[in-house]
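Student: Read off the chains here:
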Amino acid sequence: MPDKRLIFLFLSALAACLAFMLVGARGSWDFLLVFRGTKLLTLIAISVAVAVATILFQTLSANRILTPSIMGLDALYVLLQTILVFVLGGAGLASLSAEVKFLASFLLLMFASVLLFGVLLNRQREDLFRLLLIGVIFGILFRSVSALISRLIDPSEFMILQGELFASFNKTNTSLLAISALMIGLCCIVVWRRRRVLDVMALGRETAIGLGVDTGRELFIGLVIVSALVATSTALVGPVGFFGLLVSALAYELMKTSGHGPVFIAAALISITIIVGGQTLFERVLHMGATLSVVIEFLGGITFLLIVFRKYKA
Amino acid sequence: MIDIQNVTYHHGRSLILDDVSLRLKKGGITALVGPNGAGKSTLFALMARLLPLQSGSIRFDEMEVGKTGTQSLARKLAILRQEANVASRITVRDLVGFGRFPHHQGRASEADEAFVQKSLHEFDLASIADRFIDELSGGQRQRALVAMAFAQDTDYLLLDEPLNNLDMYFARSLMQQLRALADAYGKTIVIVLHEINYASGHADEIIALKQGRVALQAPPESFMTAENLFAIYGMDVQVETFGNRKIALHQV
Ligand SMILES: Nc1ncnc2c1ncn2[C@@H]1O[C@H](COP(=O)(O)OP(=O)(O)O)[C@@H](O)[C@H]1O
Ligand SMILES: [Mg+2]
Chain A
5 MPDKRLIFLF
15 LSALAACLAF
25 MLVGARGSWD
35 FLLVFRGTKL
45 LTLIAISVAV
55 AVATILFQTL
65 SANRILTPSI
75 MGLDALYVLL
85 QTILVFVLGG
95 AGLASLSAEV
105 KFLASFLLLM
115 FASVLLFGVL
125 LNRQREDLFR
135 LLLIGVIFGI
145 LFRSVSALIS
155 RLIDPSEFMI
165 LQGELFASFN
175 KTNTSLLAIS
185 ALMIGLCCIV
195 VWRRRRVLDV
205 MALGRETAIG
215 LGVDTGRELF
225 IGLVIVSALV
235 ATSTALVGPV
245 GFFGLLVSAL
255 AYELMKTSGH
265 GPVFIAAALI
275 SITIIVGGQT
285 LFERVLHMGA
295 TLSVVIEFLG
305 GITFLLIVFR
315 KYKA
Chain B
20 MIDIQNVTYH
30 HGRSLILDDV
40 SLRLKKGGIT
50 ALVGPNGAGK
60 STLFALMARL
70 LPLQSGSIRF
80 DEMEVGKTGT
90 QSLARKLAIL
100 RQEANVASRI
110 TVRDLVGFGR
120 FPHHQGRASE
130 ADEAFVQKSL
140 HEFDLASIAD
150 RFIDELSGGQ
160 RQRALVAMAF
170 AQDTDYLLLD
180 EPLNNLDMYF
190 ARSLMQQLRA
200 LADAYGKTIV
210 IVLHEINYAS
220 GHADEIIALK
230 QGRVALQAPP
240 ESFMTAENLF
250 AIYGMDVQVE
260 TFGNRKIALH
270 QV
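In order, the protein sequences belong to chains A and B. Just so we're on the same page, the working numbering is the position in the first sequence counted from 1, plus 4. Just so we're on the same page, the working numbering is the position in the second sequence counted from 1, plus 19.
A hint or two may mislead.
Partner residues are not named here, just some residues of chain B that face chain A (Cβ under 8 Å, in silico) [to be verified]:
hint, residue
1, Arg108
2, Phe120
3, Gly125
4, Ala190
Please keep in mind that the hints were generated in silico from the structure rather than gathered at the bench. Here a beta-carbon is modelled for each residue, glycine too, at the ideal position from N, C-alpha and C.
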């Protein structure tokens, strides 16, 4: 018998998806089903990706404040894409298929993040505030280098880059949906199978080693998965900012457990409810599609502050 | 048998352990004593592969640390760290349950559950089994951590200052439980103690570390002399004999 809270979350996610498909539906169902259906799948895919990536990253970095976004991982993805355009040029890039470009950036991201965060998290993870500071600095660094390079490339190539990068909840990049969904699905399977090892990791590095967990290996596997999830979600809808934090905070608050099994499911369902429900509300009801990311960002930012303040008070 | 050979360890430039070689026979209680900063916790961290060895070697029976898989070692030895803290918010029962992880890798059998139940009883935790770790007193938490190490059911137990935060009653009963474990199950227990009289009263052998070197390894009868204690701690302590025990009067 699954937990009542999980059933409730499942129903609310389902309601959000139904509302997304049905509210304001006019015209041919063949068209609607394909059009809205693909968009819904995209939103679900990134909801799950952000939720799982955040919970996993928080366990690897032993805290509940950091997210891959706060540590600058999606900024790093944008930077790598920009470098790709810069090196290959618009023409070179146009000859590559979207999937190849995506896989190339993903592999680069994986490599870079294992290099950067592997060393960082192995050594410094006890020191939360130093990690946070490094993450913020990384984020700014990656963004400014991207900005610098995009000024250096010529305007027509820049247009290509923009087309690739500035996807949003509104204007999703569905050409990558199939490969992204596959990748996210694979990541979820791997993470789900490791959930109990992650429970042990969450006890702290020394305790985990004492219980026979190879923490270095788990950290590596985890970072590869986080990179894959961040790359897919960024490719599909662009950087998500503080959103992951909102999801993980709500999931832990609601489930009141450190068990990764229920927390992963809760986080994914909460994430779907907020993104799909929010998109329905803002796009279909309020006709302000573009505002959703701003609102989500705002809520995420508030969550961040609340967590930091609560940590200081406790 | 625990066989430590020529272990030297540096933190940056400073020498923490200086060519430590020790041999501890299998079964029984060995107390590790010595002033603050002598290197006891560092030696434990090396023995339990929490720090990588820089030079020398450590073996538990046939298993050499650094050459044996970490999973196999987790079934050979359990460690309780001095500043052990639990990062997750979990109940006492779940914490003790994690001690079984090396045996079931996440899929607890009924035998595992039974062992957890036994550990909870053994350390008087049954009544607080469903409380969260972060809502316990220091002593209760310490007992939960010891119970977790016990639940790991290994031949070797390394306990770094397990008497921290325990009151008189629980401190003595922990030492008696360890004695029973060593006698009845042939466990090998190495325990860092600051209260020298617990070492004298309960251990089979006492090892003193001082400034990263082994200063003395001896059974309690010959260890407990005013000269030895002066050599190790640099203070004058009167040692008296009560029945068959030697007691150091260091508090007064
Ligand atoms: N992370 C560290 N960096 C530098 N020095 C350390 C570190 N940890 C411990 N030390 C030093 O190593 C020495 C031994 O410490 P420790 O093994 O904890 O001693 P004990 O447990 O006997 O009190 C001390 O002088 C301590 O200052
Ligand atoms: Mg110590």
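Student: All hints, please: hold or fail.
Tutor: Hints and how they fare:
1. Arg108: holds (6 Å)
2. Phe120: holds (5 Å)
3. Gly125: Constraint on B/Gly125 satisfied, holds at 3 Å.
4. Ala190: Interface hint status for B/Ala190: violated (23 Å vs cutoff 8 Å).
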